[in-house]
Amino acid sequence: MQWKPLQPSCAPAPDDPALTCLVDAPPAGYGARRADCLNVGLLVPVRGTAGIWGPSARACAQLAAEELNRQGGIRGREICLQVFNAVDECRDIPDLLGGLVREGELDAVVGMHTSAVRSRVRAATGGRIPFVYTPLYEGGECAPGVYAIGETPDQQLLPALAAMYRQFRARRWVLVGNDCVWPRASHGLASGALRALGGEVLADRYVEHGCASYRKVLQEIEMLRPDAVLLSLIGQDAVRFNREFGASGLQRRVRRLSCAIEENGLLAIGAANTEGLFAAAGYFAALPNEANMAFKERYHGRFGERAPVLNALGQSVYDGVHFLAALAAAPQRARRIAPLVFRSVRGLSWRGNARVQQPVFLAEANGHFFNVVRQL
45 MQWKPLQPSC
55 APAPDDPALT
65 CLVDAPPAGY
75 GARRADCLNV
85 GLLVPVRGTA
95 GIWGPSARAC
105 AQLAAEELNR
115 QGGIRGREIC
125 LQVFNAVDEC
135 RDIPDLLGGL
145 VREGELDAVV
155 GMHTSAVRSR
165 VRAATGGRIP
175 FVYTPLYEGG
185 ECAPGVYAIG
195 ETPDQQLLPA
205 LAAMYRQFRA
215 RRWVLVGNDC
225 VWPRASHGLA
235 SGALRALGGE
245 VLADRYVEHG
255 CASYRKVLQE
265 IEMLRPDAVL
275 LSLIGQDAVR
285 FNREFGASGL
295 QRRVRRLSCA
305 IEENGLLAIG
315 AANTEGLFAA
325 AGYFAALPNE
335 ANMAFKERYH
345 GRFGERAPVL
355 NALGQSVYDG
365 VHFLAALAAA
375 PQRARRIAPL
385 VFRSVRGLSW
395 RGNARVQQPV
405 FLAEANGHFF
415 NVVRQL
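Here our numbering is used: the first residue of the sequence shown is 45, the next is one more, and so on.
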């Protein structure tokens with residue numbers, strides 16, 4: 045697999061490297077674009093608030109690209125990944141991507157990042173090249189050329205809330221999220237679902253990315269005494285909140301539910317702070333099914349036992365690269381008739397962004413690991 049050289053002339057890089065989407069320089073000696081190379085922009089967080097997701101996402105994308113390249117690539121063209129740092133703090137994505145698309149330097153994009161970044165990427169690509177969006181999100185994406193394959197609240201969040209309500213009588217909730225698209229949309233849906241169950245939302249709070257302290261939020265939780273907290277925090281913000289939550293002693297009496305905390309985040313939170321923490325996702329590294337066992341064997345066979353920890357967000361990129369290959373191979377008419385068939389560890393079926401089917405699971409943290417409790 046080759047790495048395509050970046051074109052820094054398209055946009056100036058800010059002084060802070062966390063705020064630019066320019067990432068690694070290409071290997072020495074790799075020259076201009078080759079006709080047999082399919083340039084795929086890989087947009088994943090590498091630095092910044094969500095940078096914790098980057099290593100596993102890049103490794104999963106590389107594994108998928110190498111598998112496809114051994115089979116002839118995509119329509120006979122080798123997949124060449126070009127990595128961009130797709131974090132909310134990065135403001136040069138539209139200029140840089142837009143320039144590369146206009147110049148014909150990018151053939152497709154696979155992205156695992158927040159919905160706010162998705163809107164910038166969507167504007168930059170303008171439907172001119174395929175944009176495969178892989179993580180969980182709030183749903184409703186219908187722009188031309190954007191293919192969303194991740195979990196949506198009706199598959200993930202709402203069934204998880206119902207399961208927590210039934211199993212733990214979690215009737216009184218506090219909602220805490222980053223002040224951005226996905227948390228606000230998800231909390232709106234969660235509030236309606238909890239009221240329909242007979243529950244109550246005591247507070248709905250939002251914080252900016254990079255929040256330095258959650259003391260005031262935790263004091264409010266202490267005062268309101270909810271049964272559970274829904275966390276829609278991203279990356280390091282989720283890590284900081286849960287560390288402070290554990291240190292406050294609240295974990296002994298208040299359960300937490302997240303749709304975005306994965307195995308990397310769990311390690312960073314620390315085993316002492318994970319009591320009563322639940323997560324819902326379409327993938328967990330601990331899933332015992334045959335597809336996951338085979339995937340883990342290929343992954344660790346390629347990157348070793350000290351490879352980046354597998355998790356739902358990183359693994360979604362593996363499915364996304366394979367989805368792109370199937371998309372390129374399928375005639376336009378066939379996509380409307382039958383599900384797109386591709387190599388998906390999750391068993392994902394796609395007939396359109398509003399018709400994505402995949403199993404979703406609820407898991408409980410046990411120290412540094414997730415134990416899968418049930419399929420939702």
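No lab work stands behind these hints: they were computed from the structure. Do not take every clue at face value.
Keeping only pairs whose Cα atoms sit at most 20 Å apart, straight-line, the calculated SDA-like set for lysine to any residue is [stated by the list, open to error]: (1) Lys-340 with Phe-413; (2) Lys-260 with Ala-247; (3) Lys-340 with Pro-99; (4) Lys-340 with Arg-350; (5) Lys-340 with Ala-103; (6) Lys-260 with Gln-295; (7) Lys-260 with Leu-233; (8) Lys-260 with Gly-236; (9) Lys-340 with Ala-330; (10) Lys-340 with Gln-295; (11) Lys-260 with Val-245; (12) Lys-260 with Glu-288; (13) Lys-260 with Leu-241; (14) Lys-340 with Leu-294; (15) Lys-260 with Arg-297; (16) Lys-340 with Val-416; (17) Lys-260 with Leu-311; (18) Lys-260 with Leu-294.
- State the violated hints by number, sorted upward, taking the hints as numbered earlier in the document. Result: hints 7, 8, 10, 13, 14, 17 break, sorted rising.
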